[in-house]
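Chemist: Protein chains in written order, with my numbering: chain A, 58 to 352; chain B, 5 to 759.
If you're looking for bench data, these hints aren't it; they were derived computationally from the structure.
One or more of the hints may lead you astray.
[As the list claims (entries may be wrong)] Derived pair list, reagent style DSBU-like, types lysine-lysine, alpha-carbon separation capped at 30 Å:
#, chain 1, residue 1, chain 2, residue 2
1, B, Lys429, A, Lys249
2, B, Lys266, B, Lys35
3, B, Lys300, A, Lys249
4, B, Lys35, A, Lys97
5, B, Lys35, A, Lys62
6, B, Lys266, A, Lys249
7, B, Lys300, B, Lys431
8, A, Lys249, B, Lys35
9, B, Lys35, A, Lys104
10, A, Lys249, B, Lys755
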Amino acid sequence: MTFPKFEYLAPQTLDEAISILEEKGPEVRVMAGGTDLLVKMRQGLLKPRTVVSLKRIQGLDKISFDRKDGLRIGATALLADVASHPSVRSHYPAVAYAASETANVQIRNMGTVAGNLCNAAPSADNAPVLTAMGACVVLAGPRGERCLPLDAFFLGPGLTAMEPSEILTEIRVPFPRRGTGTSYQHLSARGKVDISAVGVGVMLRVEGKTCREAGIILGAVAPTPLRARRTEKLLVGKSLTADLLERAGRSAAAESAPISDVRATASYRRKMVAVLTRRALSEAYERARRNAKKR
Amino acid sequence: MKAYSIVGRDIPRRDARSKATGSAVYTDDIKLPGMLHGRILRSPVPHARILNIDVSRAAALPGVKCVITGQDTPKIKYGNWRLFPATQDEYPLAVDKVRFVGDEVAAVAAVDRDTAEEALSLIRVDYEELPAVYDVRRAIRKDAPLIHEGSPGNVSVERKIAYGDVRAGFREADYVREDTFTVHPVSHAYLEPCSTVARCDPDGRITLWTSTQTPYIVQCLLASVLGMRENDIRVIKPFVGGGFGGKMELRPWEFCAAFMAKKTGRPVKFVLEREEELVFGRRRHPMRITSKVGFKKDGTLVAKDLKILLDGGAYNAMGPTATFLCGNFGAMLYRYPNYRFYGRHVYTNKPPASAMRGFGAPQSLFAAESQMNMAAEDLGIDPIELRLKNAQVPGDVIPDVATISSCGFVECLREVARMSGWNRKRKTHKPGRGIGVGCYSFISGGVFNWFNTQYPFSAAEVRAFSDGTVHLLTMASDIGQGSDTALAQILAEELGLRMEDIRVTSADTAMTPQADLGSWGSRVTLMAGNAVVQAARQIKEALFGAVSARFNLNVIYDFECKEGRVQARGRPDRGVSFGEAVAMAQKANRGEPVVARGYYTPRNKGLVTPAFSFGAQVAEVSVDRETGLVEVEKIWTAHDCGTVINPTAVEGQLEGSIHMGLGYALSEELRMENGRTLNRTFLDYKMPHAPDMPANESLCVDTYEPEGPMGAKEAGEGLVSPTAPAIAEAVYHATGYRCKDLPITPEKILKGMKK
Chain A
58 MTFPKFEYLA
68 PQTLDEAISI
78 LEEKGPEVRV
88 MAGGTDLLVK
98 MRQGLLKPRT
108 VVSLKRIQGL
118 DKISFDRKDG
128 LRIGATALLA
138 DVASHPSVRS
148 HYPAVAYAAS
158 ETANVQIRNM
168 GTVAGNLCNA
178 APSADNAPVL
188 TAMGACVVLA
198 GPRGERCLPL
208 DAFFLGPGLT
218 AMEPSEILTE
228 IRVPFPRRGT
238 GTSYQHLSAR
248 GKVDISAVGV
258 GVMLRVEGKT
268 CREAGIILGA
278 VAPTPLRARR
288 TEKLLVGKSL
298 TADLLERAGR
308 SAAAESAPIS
318 DVRATASYRR
328 KMVAVLTRRA
338 LSEAYERARR
348 NAKKR
Chain B
5 MKAYSIVGRD
15 IPRRDARSKA
25 TGSAVYTDDI
35 KLPGMLHGRI
45 LRSPVPHARI
55 LNIDVSRAAA
65 LPGVKCVITG
75 QDTPKIKYGN
85 WRLFPATQDE
95 YPLAVDKVRF
105 VGDEVAAVAA
115 VDRDTAEEAL
125 SLIRVDYEEL
135 PAVYDVRRAI
145 RKDAPLIHEG
155 SPGNVSVERK
165 IAYGDVRAGF
175 READYVREDT
185 FTVHPVSHAY
195 LEPCSTVARC
205 DPDGRITLWT
215 STQTPYIVQC
225 LLASVLGMRE
235 NDIRVIKPFV
245 GGGFGGKMEL
255 RPWEFCAAFM
265 AKKTGRPVKF
275 VLEREEELVF
285 GRRRHPMRIT
295 SKVGFKKDGT
305 LVAKDLKILL
315 DGGAYNAMGP
325 TATFLCGNFG
335 AMLYRYPNYR
345 FYGRHVYTNK
355 PPASAMRGFG
365 APQSLFAAES
375 QMNMAAEDLG
385 IDPIELRLKN
395 AQVPGDVIPD
405 VATISSCGFV
415 ECLREVARMS
425 GWNRKRKTHK
435 PGRGIGVGCY
445 SFISGGVFNW
455 FNTQYPFSAA
465 EVRAFSDGTV
475 HLLTMASDIG
485 QGSDTALAQI
495 LAEELGLRME
505 DIRVTSADTA
515 MTPQADLGSW
525 GSRVTLMAGN
535 AVVQAARQIK
545 EALFGAVSAR
555 FNLNVIYDFE
565 CKEGRVQARG
575 RPDRGVSFGE
585 AVAMAQKANR
595 GEPVVARGYY
605 TPRNKGLVTP
615 AFSFGAQVAE
625 VSVDRETGLV
635 EVEKIWTAHD
645 CGTVINPTAV
655 EGQLEGSIHM
665 GLGYALSEEL
675 RMENGRTLNR
685 TFLDYKMPHA
695 PDMPANESLC
705 VDTYEPEGPM
715 GAKEAGEGLV
725 SPTAPAIAEA
735 VYHATGYRCK
745 DLPITPEKIL
755 KGMKK
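So here's chain B without its partners, still in its complex pose (with noise of 0.2 Å):
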């Protein structure tokens, strides 16, 4: 590994001291003087023609200021794939019909949240309620109710991948197994609820401070539904209580916030209640996975044959992108010379599934990294072994969808058994306790445009000031992850300063450089890495030509920025500091500022991603073989993630990812029925609680990604998928009950250890 003074290092967190004193300010934390509170009304019934809504009642309660219904709007339509209108299928506030129960239908701004909830009880909808369908395998057949039109047989979007020959791989094979698994939806469970304030400025420019993961998509898409110009409108994010794919789409309270400020000329806020989140919110798509693979005698893989159906819900969200991307995955981390996937995006009355950390990959691994674990079993080979054998390594080529660069897979493959004990524990069969595996790819950013942004995909300005300071300008946003203490800690490193000489400004849409297409898929650190990398080289070159000047050098001379000085490589006493070496730059230019701009937008990496991650993790469980009761005792990863920026944030994000794939394999769930979420609150929905966290080691193999900042690429979301499938694996090991439907319930384990 290449040797870094500031990347690699544990630098604490930059927003580490505002939120453990409660100063940093949330959405909800801001007041603005005259404000007014939001709440929505919402559709009680999964599917009807709204005849007429009376919301007399409601404005005329003292404290009302503004109530909206879809007919006060610009009807339109809007969506996150811009660059397929077709799918934009959602109003702000329902038009016509309703399509799950908490499909938004009217808006009331008050004086103060009492009141607000209390207008929403004295408005009066007529609904003509409509056939509804819940099940993808119902909403697929000519007879099932039409959510859409336009969209025939509940189906959305379709995504094709095909390449060898299938059908001849399959005859090639010695050994073919087909599985269908199902999986459920879970929520997000970020801390911060949705939460918006929007105030109009007399000229009529809107600035809206929003939880978001997407301040560009919420500026342009609130631009095209309230029929302004994108840069009337100024989206600023504030601290943000985690995401996780949730917060990355225009969403209703964010329009009815700026209309309502609009129309009122007050500051509207709206935060939404837990139960809204749960009941209502977004969450990870459910899918039904049915996939074949055949191999040789000897464990070679030779074929696969994926087919998926998303169930969508009331609306496409993020699921066309989640459908692309399970159909990519299914083709990531073993070498399939035939492979097929054929993917299908299904409305259905429920609330809309969209992304969610792993974006299609907990789901799809789920099912791949489970049916490797079976064929593992059949063919009477180990599976690690069996991924060893079949492993993607660096320069292999996917076609359709990528070529891999850095692939340090075996390397995990090898490391998880090694420090798990693997051989020795899979070996000695105790009742009761079991061990498995789990792997993952995961992409570094996504490079298909379907926001269809006329930008660079990211984007920053760098200031540099001859008291040796700087000045970050990005529009990546922090969400949590850390991407503020990521971006400097590799600005810093450029530039051979310390933490506290750089300043950051992030995601504010009017103040930092267009553009930044938002935090998911894993892009900031690689892209928005790339851009400040650019931008800082830029500031380096005006700050060399002015030390070689200065010292009237030979031209051969290499410089670098190192300790917070400008120097000769090698010879510090041709050198100045920092800041003396921008007055100098300053100077030459009669005063200038010295500003650069950096820019990255992949190009000539395919279609899916400019990198790709790995990893390998292994679980170890005890089942309490008479109330079905599983305790992850202790969990091993080993993961490719290149460069590590930040290991502690590395650490963080493992640990998360834990939490997050041990509530998906094992209690979370939301419950639906006739197209109602039962779990209404935090009691009912059983995400882990701290001492439910297994033990855990971890090790990042050492690789270096040539298109990624200073060699990093993604370690924020592909942790989230191994540990499904290698606890799934485990408590087959343990118990003999094999999960094909998460989650893996206690009811389940006893009903399948019986057979």
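Isolated chain A (complex conformation) (with noise of 0.2 Å):
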């Protein structure tokens, strides 16, 4: 495939990057990292007219934490950099856990979190995790800002609740209360470094033993990161035995909507939504725990 001719652009601020958007319409395409989008044109996926470039714009690639407004992470800040931030790491290790499984090294040198979000692949790494501890996103448009929680972002394959002359600045996640804990797993056939064909990511808030929040989200078994709400429902205000970490587990994976491919077929796919399920709740559970006794 031959790469199609398009304008490239690198505005040096989002209002100019916002207007780029507003002017060209919709064969406009945003890019952070690359990483997706210029193989998906290689590919001849996507022929965009113009790329607009965010890594000019001063400041989009911010990580900050603190704990009354939690963590954000801007549009450009790498994948590499939201998996090896001290405070990322601290309170929220399952998303920079989900961020360092993302691909291979090069990528995430320089791929970002954003990006992977804005891809909308239903095997995006990034997006069950985040989903699960209830982050939004912001999105700068021509009318303003507005904050999208994840829940309502992903619409199908490739598809968002961007608007045209949207761009995506930043990821907010809040500060997880006490007796919160995360976890991503995630797997596939080559092992170590490939595209996941089932991922879950969990958040579980427990007093003592008892569950009193619990996020659920699955990745690359539905047109989007789905959630499994009977599953969530299911823990809510009971004690988290093996038993029923085991329940959730089947739970979850009836919930599941995959498809067969080349990467899997559906009933792989099914039951390691299970498997995967059970051992991230275990994992959270653990860790919920422990945080729980830290403060």
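Hey, can you piece these two chains together into the complex? The hints should help.
Modeler: Written out as structure tokens, the structure reads:
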């Protein structure tokens, strides 16, 4: 395939970027790391007339954290930087882990968490945990900013709720309340470096052994990252016994809607949802208990 | 082991610096003035008659300089098996029919790649689709669609081997088992996709720079399809980024580049996309292998009956050789007093399979070694013990195949058991953990002259100069395996010189001596190495004569080339420097340059190979019993490659082989649906990554191959075979799931464990 010809713009301010989007209309694409966009263009799957890079906009790559506002990940913050950020690692270990497990070293050094979300692949490694933790994304457009929960962000493979003239500028993840634990579990045929065939992100908040809050998001088993609502309900208010976690795994599997493709069959994916959900819940539970003791 | 000063040392590769710094020039780096860029139009359907091709819109596109279809070409069929013209079944561009999705139909040369690509979309081809067949068992049925006229039942090549009395053998047996194994297609996945640049001189001669393992074969076949004389074509092999068997034939883009360069008078370049390589490219033969073996109660092998259907895809490519070899490999490693093989190469409407590292051995030995492990379990004998009981030893004769000369197989088995802690680990069984063994034997080059060359199999010219340097010219092709380094080491050793004293020019058909059959079948070290040794010895004779005359020495003196000097053995005072000796020899001959040629063609070595390598490998795995994911933790290998020329190069071959074997066993598979390959990129073609590689420990057992240069034999291909059966056995040991259909996927393990 040949690379289609396109116009490349690299504005220095967000306002400038937004006005370019407004002016150029739907045939424009926003680029952060380019690790998905450029590959799709090369494969002829996308043929934008204009590509707008965000890389020269100052401050957009910032990762900041405080206990009041929680975590903020700028649109051009690299996967590698999120994965190694000390505050992310200590307060959002599953967010750091998901970033550290995305693709390979080269891609993590170019690609961004925001780009991984905007690409809206059902298998996006960063979506499940962030969604489970109640993260929202800040979308800046001609009429100002809005904050959209990730639950409402993904509409289908490659489709998001962003308007054509909007730019995702920041991901906000609330500071986890006392007794919260998270986990991300994923697998693929190749083992250690691969696109996930199944991924499960979990957040649990416990008081003692009782589950007070549960977020379970399944990746790569539906057109979008899928919230396993029935399974969440199954857990809340109950004591998290091994048996319950096992049942939760089976329930999540029942909620999943995988397809068969070259990466795995639907039946294997469904089985793996059960295994990974149970493992994620169990790790999140461990972390939640440690977290409850720590403070 | 004999003491050498350069052979056996970790000499850095000659190409290391230029590759590491990026200065190495590969085919795609070649840019010539006025060069055009070519692209190929491929068939979108698996089997069809071509009714009409309309190229008018493509030809009219500004920037397009040349558009060709099969009708514009001389319509001459070609194929590597020149000895049997009936096997030559390919046209450079389809003439009447297309036979697989990806079959080459037309080509465009334009001022740039984008224009050429756009022009492809303007070519209109009318196809009349024909019924297609994808499965070998269907393809051999009477009612199957016929893919090639003249190959009824879609069988293009048959091979039979038989010795002893198989029926009587099975009657004698106390234990008989029959199993059917299937193995899948995988890609060579060389990093450099196929690339070629052709230039036509004003006098009509062609120069072709091409990413190939076999410049000589490309030269000859290109001449034949263009209707030209061989020596009006010069093929040069630049740096090559791997071949693994996938670059050893004439390919359509080489023809198209040369043909269009001739037509336009401008150089033409083709560089394939990775997607083309994966989706339409050559691949390792899928096979259906039915093997019946018989043993005595004590584990002694008595008979084997092996039947293999090779899924060749749409054309023969190197399939006939694979058909021969998988039957030969079935007779290797163990003493089968009664043996029978029936192999059939079957056409299907899929991209052609061809040679790939191991050349029939990975498939054949996966079956043989797995079956050995199954039999061991049934017989209640340890798998390594059972192998030791039946192992081939030096001097063993395999009728129809070979007489084995050097063979360290028994030592390999003992060493690998010791290194891996086999006895202890095999007995202490923990759920989810397992250990397994697999073995191999491989050829050091082929004997059977299917290409029907009239030249020696390998040749070397050595020119010695009075400044103390020498120039080695050979058509042997370094495709990344390191033959330029190994051959220079052999020459430096023989002449007592340093590596920096040796210049190597290789793989240029107009400049290097005729001929060399290429880099395949692990032939180069042994065959080209022998040619180098022979040439060097003639140089030495000339120099010894000159030095003897200079010192007026008694004729009983022996001479040596050592540390840059030519001298009476053990008498450094009766000698001169290498350069001085060359000057003396030259003057004695009235200025005639000191030049010698050496050749090698195997003779009296049967029809298969002059020498066999051997090895045994143990894999230890852990299996996640819930997800079915396998982690290969460690691999131990003991192997017999004769004298080791360059230990680091051998280690590199071993690690590369483990990497390939690991992918073959667990994750790599070209997934097919109705003749279409589904994995279009490396995202979905799952080659293992660096973190997936197991730890590995290895040992070369000490043997000396009398037919090899300084005792050396092959180390580049055989090692790729034992990994899959070793991992399969380890997975069985860990989970109870026995894989008979590669690859070993997590899904199969989970299903298999339930039983």
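Chemist: Confirm or reject each hint.
Modeler: Results for each hint:
Distance hint between lysine 429(B) and lysine 249(A) is fulfilled; the C-alpha atoms sit about 26 Å from each other, no more than 30 Å. Pair hint lysine 266(B) plus lysine 35(B) holds up; C-alpha atoms about 17 Å apart against a cutoff of 30 Å. A C-alpha spacing of about 45 Å is found between lysine 300(B) and lysine 249(A), which places the hinted pair above 30 Å, so the restraint is violated. A hinted pair counts as satisfied when its Cα atoms are at most 30 Å apart, and lysine 35(B) with lysine 97(A) qualifies at roughly 28 Å.
Taken as a hint, the lysine 35(B) and lysine 62(A) pair is honoured in the structure, with Cα atoms around 23 Å apart against an allowance of 30 Å. For the suggested pair lysine 266(B) and lysine 249(A), the alpha carbons sit about 49 Å apart, so the restraint of at most 30 Å is broken. Under the criterion of a C-alpha separation no larger than 30 Å, the hint pairing lysine 300(B) with lysine 431(B) is consistent with the structure, at around 24 Å. With a C-alpha separation of about 39 Å, the suggested pairing of lysine 249(A) with lysine 35(B) is violated against the 30 Å cut-off.
Restraint check for lysine 35(B) and lysine 104(A): the C-alpha separation of about 29 Å stays at or below 30 Å, so the hint holds. Restraint check: the Cα-Cα separation between lysine 249(A) and lysine 755(B) comes to about 23 Å, which is no more than 30 Å; the hinted pair holds.
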